[in-house]
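What follows is the residue order along each chain.
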Amino acid sequence: MKKRGRGIATIMFGFGYGEGFPDHSIASAEIEEEGKILIRTAAADVGQGILTTISQISAEVLKVKPEAIQIIPGDTHLTKNSGSSSATRQTFFTGNAVKEASEGLLSNIYHYASIEFRSNHVELGIKGGYIFRKDNPNNQLSYWELAERVKARGDNLKAESSFFPHTDKPDPETGQGEKLYVAYTFVTQIIDLEVNTDTGIVEVLKVYTAADIGKAINPKNVEGQIEGGTVQGIGMALMEEQIIKEGITLNPDLTGYLIPTSMDTPHFITRLIENEDSEGPYGAKGIGEPATIATAPAIANAIYDAIGVRIYDLPITPEKILKALKEKVKFTSEGWLGL
Amino acid sequence: MSKLNIELTINGKKRKVETTTSTRLLDLIRDDLHLTGTKEGCGKGECGACTVIMNGELAASCLILAPQADGAAITTIEGIGDDKYLDPIQEAFIETGAVQCGFCTPGMILAAKKLLEENPHPDEEEIKRGISGNLCRCTGYQKIIDAIKLAANRLSSSDSGRGKKDA
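Residue numbers (full-length UniProt numbering), protein chains in the order written: chain R, 1 to 339; chain W, 1 to 167.
Fair warning: there could be bad hints in the mix.
Within a straight-line C-alpha distance of at most 27 Å, the following computed BS3-like cross-link-like pairs (lysine-lysine) qualify [stated by the list, open to error]:
hint, chain 1, residue 1, chain 2, residue 2
1, W, K128, R, K2
2, W, K14, W, K3
3, W, K128, R, K36
4, R, K169, R, K158
5, R, K206, W, K14
6, W, K84, W, K13
7, R, K65, R, K206
8, W, K14, W, K114
9, R, K220, W, K128
10, W, K84, R, K65
11, R, K63, R, K36
12, W, K3, R, K220
13, W, K13, R, K3
14, R, K206, W, K128
15, R, K220, W, K149
Covered by chain W, according to a simulated footprint, are these stretches of chain R (three or more residues, beta-carbon under 8 Å) [as the list claims (entries may be wrong)]:
hint, stretch
16, 245-255
17, 277-287
Derived by calculation from the structure, the hints in this document are not laboratory data. All residues carry an ideal CB built from backbone N, CA and C; glycine is no exception.
Please model the complete structure; the sequences and the hints are all you need to start from.
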């Protein structure tokens, strides 16, 4: 028999290293060859999309198309430390470093252009890679023309910035502190599933996600993180189990250690909550790890809703479900349940 | 390890290659033919990263010995499209955000290609089944499924069929 259940879970996640760790990111922005702006960062894009995100941020600040942004990523000779692509931190840390470096570059564009135009920065405007006098928009210089003139003065049109926020060490006794993390991401998931009481197999049908991520700089990428994280969470909840015996992993392959396939993918309904309430770029917060965490508890709750048994150790395999159902029947027949 | 010569058609071109009896087709493709779009994931036929189309069928190139490919016609991801010309499936993958780290993508696109050749109008379940031999750890598959749906729509709506860039 197939039984349906619905479960809910809410999580909060302090991202970045936090707890007083000297966590920071350095980035620079400079006017490159014709039509290009060069960003240097050591942030590793492992598929989460940080390079797309920082291209958008820099393009937004400098009022150019994202295609104008060129990036030198992760070259120890050419870039400075941006910290690891872990702890759900790159959008917040490197996003801010790139935003500040781009703002620094923009300040310099205004500064040198005001000299060129014999004007004041408040009388200047920018659009599409040009800076112009507001009282005479035809009087304009492209960023690249300006860079040539700045170079002729023996200077460079560039800026570097480091984003280095403070966090507090938690009190060792209470675990409390004023600001342990730079910000918190909140995620709630509601999961509908079906339990086959004959086979113990669980099929996750629908996943409703509400994620408070401050600002989705690239909504498609944020959805991608949520969907990918959720399917990893489904794996954690239902199938993924490393079996170790005397220090040896007995299932070091994808036949013995199962991860979700396309057949395990549920239907996703996702809502992004954009309160712009953090100190991240445009109010953005991290979504990498938070996307994975609510799934397993929501599934465990939904299984309880479906078949009335609580299973406390993951993964909730068909064997565990069948055993729990058998024991439930036994307890019920002997009057143990519902006392 | 004895050497031998084999001849195969790879992405439409005939190639003669010297290989050995114990070389895997995957290594022949990557190391000898320098077509590094085909990836090695698990190396034991479980993950689909090394998928190629061999004589019209999806094949895990890590499980095939190079001499077994003597006389075969093989399509790798390089035969699907390049920088100048992208296959509609590749375009759809980019547009829907179906690529994250990208390691499963070549195999995934070949699986999608094969699926759409056999079934130009797959429903969601058929798409899921069609790519179920290709593991993806990043995306949760949803955007890959969306991409294949989008590509199917475009390929069936363009008169001259697949292979044409969407106008």
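Report holds or violated for chain W covering the stretch 277-287 of chain R, Cβ cut-off 8 Å, minimum 3 residues.
-> violated (count 0)
Assertion that chain W covers the stretch 245-255 of chain R - criterion: three or more residues, beta-carbon distance below 8 Å
holds (count 3)
| query | Has the given pair, K65(R) with K206(R), been kept, meaning a C-alpha gap of at most 27 Å? | reply | Judged against 27 Å, a Cα distance of about 37 Å means the pair is violated.
Hinted pair K14(W) and K114(W), Cα distance within 27 Å
This hinted pair holds, its Cα atoms lying about 22 Å apart.
Starting from K13(W), check that the Cα of K3(R) is at most 27 Å away, please. Since the Cα atoms of K13(W) and K3(R) sit roughly 55 Å apart, the hinted pair is violated (cutoff 27 Å).
Report task. Mind checking the alpha carbons of K63(R) and K36(R) for me, to see if they're no more than 27 Å apart? Result -> holds, 13 Å
Fill in: Pair hint K206(R) and K128(W), alpha-carbon separation not exceeding 27 Å
Holds. K206(R) to K128(W) sits at ~15 Å (cutoff 27 Å).
Report task. For the pair we were handed, K84(W) and K13(W), check the Cα-Cα distance against 27 Å. Result -> holds, 19 Å
Practice task
Starting from K84(W), check that the Cα of K65(R) is at most 27 Å away, please.
Solution key: Satisfied, since the Cα-Cα distance of roughly 22 Å is no more than 27 Å.
| If you draw a straight line from the CA of K220(R) to the CA of K128(W), is it 27 Å or shorter? | Within the cut-off at roughly 21 Å; holds.
Going straight from one Cα to the other, do K169(R) and K158(R) come out at no more than 27 Å? Violated - the C-alpha atoms of K158(R) and K169(R) are around 35 Å apart, more than 27 Å.
Does K36(R) lie within 27 Å of K128(W) when you go C-alpha to C-alpha? This hinted pair is violated, its Cα atoms lying about 41 Å apart.
Violation of the numbered hints given earlier is confined to hints 3, 4, 5, 7, 12, 13 and 17; the remaining hints are satisfied by the structure.
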